[in-house]
Amino acid sequence: MGRYIARRVLIAIPTLIVISFVIFAILDLAPGDPTASLPLTVPPDVREQIRETLGFNDPFILRWVKWMRQMFVYEPLNVIERVFNVSIGDGSERTRIISWSSRGPVVDTIIERLPQTFWVLGLAFVFGILIAIPVGVISAYKQYSIFDNVGTFVSMIGYSVPTFFTGLLAIVIFSVWLGWFPSFYDTTHHVTDWPSFVFQVKQMAMPVAVLSLFNAAALSRFTRSSMLDNLSKDYVRTARSKGLVENRVLVIHVLRNSLIPVVTLIALQIPGIFAGAIITEQIFRINGVGQLLISAIQGADVPMVQTLTFIFAVLIVMFNLIADVIYGFLDPRIRYD
Amino acid sequence: MATTQRRPTESQSQSHLDVTGAKHRSLWSDVWRQFRRHKGAVAGLLVLGVIVVGCFFGPMVYPHDPFDINTSIANQPPSSEFPFGTDNLGRDVLARVMIGGRISLAVGLTAMSLGVIIGTTVGILAGFFPKLDGWLMRGTDLFLALPILPLLLVIIMLFRDSLRNAFGPEIGVFLLVVFIIGITSWMQTARIVRGEVLALKSQEFVVAAESIGTRKRNIVMRHIFPNVLSPVMVAAALGVAVAIITESALSFLGLGFPSDFPTWGRLLFDAKDFINLTPMRVIWPGVLISLTVISVNFLGDGLRDALDPTLRSK
Numbered sequence: 001m002g003r004y005i006a007r008r009v010l011i012a013i014p015t016l017i018v019i020s021f022v023i024f025a026i027l028d029l030a031p032g033d034p035t036a037s038l039p040l041t042v043p044p045d046v047r048e049q050i051r052e053t054l055g056f057n058d059p060f061i062l063r064w065v066k067w068m069r070q071m072f073v074y075e076p077l078n079v080i081e082r083v084f085n086v087s088i089g090d091g092s093e094r095t096r097i098i099s100w101s102s103r104g105p106v107v108d109t110i111i112e113r114l115p116q117t118f119w120v121l122g123l124a125f126v127f128g129i130l131i132a133i134p135v136g137v138i139s140a141y142k143q144y145s146i147f148d149n150v151g152t153f154v155s156m157i158g159y160s161v162p163t164f165f166t167g168l169l170a171i172v173i174f175s176v177w178l179g180w181f182p183s184f185y186d187t188t189h190h191v192t193d194w195p196s197f198v199f200q201v202k203q204m205a206m207p208v209a210v211l212s213l214f215n216a217a218a219l220s221r222f223t224r225s226s227m228l229d230n231l232s233k234d235y236v237r238t239a240r241s242k243g244l245v246e247n248r249v250l251v252i253h254v255l256r257n258s259l260i261p262v263v264t265l266i267a268l269q270i271p272g273i274f275a276g277a278i279i280t281e282q283i284f285r286i287n288g289v290g291q292l293l294i295s296a297i298q299g300a301d302v303p304m305v306q307t308l309t310f311i312f313a314v315l316i317v318m319f320n321l322i323a324d325v326i327y328g329f330l331d332p333r334i335r336y337d
Numbered sequence: 001m002a003t004t005q006r007r008p009t010e011s012q013s014q015s016h017l018d019v020t021g022a023k024h025r026s027l028w029s030d031v032w033r034q035f036r037r038h039k040g041a042v043a044g045l046l047v048l049g050v051i052v053v054g055c056f057f058g059p060m061v062y063p064h065d066p067f068d069i070n071t072s073i074a075n076q077p078p079s080s081e082f083p084f085g086t087d088n089l090g091r092d093v094l095a096r097v098m099i100g101g102r103i104s105l106a107v108g109l110t111a112m113s114l115g116v117i118i119g120t121t122v123g124i125l126a127g128f129f130p131k132l133d134g135w136l137m138r139g140t141d142l143f144l145a146l147p148i149l150p151l152l153l154v155i156i157m158l159f160r161d162s163l164r165n166a167f168g169p170e171i172g173v174f175l176l177v178v179f180i181i182g183i184t185s186w187m188q189t190a191r192i193v194r195g196e197v198l199a200l201k202s203q204e205f206v207v208a209a210e211s212i213g214t215r216k217r218n219i220v221m222r223h224i225f226p227n228v229l230s231p232v233m234v235a236a237a238l239g240v241a242v243a244i245i246t247e248s249a250l251s252f253l254g255l256g257f258p259s260d261f262p263t264w265g266r267l268l269f270d271a272k273d274f275i276n277l278t279p280m281r282v283i284w285p286g287v288l289i290s291l292t293v294i295s296v297n298f299l300g301d302g303l304r305d306a307l308d309p310t311l312r313s314k
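So the protein sequences, as listed, match chains A and B.
Residues 1 to 337, numbered by our numbering, are exactly what the first sequence covers, in order.
Residues 1 to 314, numbered by our numbering, are exactly what the second sequence covers, in order.
Keep in mind the hints are simulated off the structure, nothing from the lab.
Given the structure is predicted, the values throughout are model-derived calculations rather than measurements.
Careful: at least some of the hints might be erroneous.
[What the hints assert, rightly or not] List time: in silico DSS-like cross-link candidates among lysine-lysine, alpha-carbon distance up to 25 Å:
| # | chain 1 | residue 1 | chain 2 | residue 2 |
| --- | --- | --- | --- | --- |
| 1 | B | Lys131 | B | Lys216 |
| 2 | B | Lys201 | B | Lys216 |
| 3 | B | Lys272 | A | Lys202 |
| 4 | B | Lys39 | A | Lys142 |
Based on the provided sequences and hints, a complete structural model is requested.
Right, dumping it as structure tokens:
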């Protein structure tokens, strides 16, 4: 197992380095200029000095290496210091990635935006799993029943209809016509007492429902086919023929084996949720990470876009790794590849 | 017609006996017979047909122009004069939805073709030539690890203006969107095709072709490629759906097509600011995107079943 994990990690590291190069190179082609948003009264020689201090005139490779050092060493250290309230080395010597538009450290802005994204996406993800697995299990167990047919149809619609339409449809129905929920998300709202908690639930209801339906659709199909694969296996017949109660056959034998690929898929889906955040946050005007990315792209804030895109890439690589490890842990057969 | 209604097993056993009497059945007529049994797929084909015909021939017979601005009739709800209502500039929404559908469908088809061509080429090369396999699959994995949506947004932002200047506002954006969707959607096809090629390569007919000295290029073109055609076709059908959704998502984020050259995604983006005033404007393009994608997905499902010879004899 140790060797298996080590091999996976060794594949992940060069992948991350190449991706960081691709992202850095693409964004380096951007016509942006760190001094573009300064007032016009700033004279050209001062602008040149600012570019010089930001390292804007260094050769490409040098800038990439410096950026990687900030990305992989300095900023993680800052985050650790902040989270655990300790100091490691001299924090003031580390150069930080500075946003061109807000002039503040990029990572601090991202940390401010994370809770909103986590709450909505995390809840949607958990609800999605809670809906998908029972639906998938029942659909497979009662294959071709009414429940299965309806489930198949609904999940086909669920993953065919894009969230930017289901989201808008939900707004049209539930906030324009019925007026039950607010149509945009108030991130400054604090939960202090019961009425404010009710408001928080109300404003989260639509984005969470829309996203969890979308997440559940693909996952329930996958659970169903995985269950069907296992239900026809010999060991199930053996379990039944030795007189086990049906519930035990289903839950202890079939479900446990069927969940192995499902758990892997769940791990692989997590970075996808963050990509989904870009769209969902735009529909419901949630002030989260996805919205930060869109506004940074529109404002040509190159460091912010580089950092966010790279964080997305790290998440993808990391969860691929986690999925591989979980799979190897749950299913000993695939460790010997 | 009499032969087609006979049970397949029966006609197969009889074809040995009276070769002259049996009606010839081609591969594609078999595929079509199996395809017709999948009700969802047939419904998908019909709905898709209606949408395609409506978008391409509708504007020829429909009286309103999609670009006529007339603010005195702005923001009207659906009526007999304007079946889908009008937008904030008084343009007819039905006419715009039909024009937008042309572009959305065109983007879906061309981007899918690009993706499938790249994917099939990479898959066949990787499967057939062991020397290339490692590198090509590592490249494929790398592409799979890229955060696609943020990168697409960034690339559009960077290159939109220069392509607009080079090819004009419409063609420039079209080429850019098609190109970037195409080069970021080939990975799954490549993996599937590679797997199929690896399985085919060790089969007797390929070994036989090799043993009589057939050139590699001819083995690939005559023996390998026709046999991977069915997974490629299924990938192509599903690729259209993915491409349409991706394009709509980009346009929905305001980074795809401009408002005077609308796609369904762009119409949705423009409509969402008037959601309180004219909510129906959001529904039309959204329903059309969804219907198209659902039909294409059902079509892909039916195609997968129809192209699988092991299911066909049932």
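To see whether the hints hold, each was checked on the structure:
1. B/Lys131 with B/Lys216: holds (14 Å)
2. B/Lys201 with B/Lys216: Holds, because 12 Å separates the two Cα atoms, which is no more than 25 Å.
3. B/Lys272 with A/Lys202: Holds, at roughly 21 Å.
4. B/Lys39 with A/Lys142: holds (21 Å)
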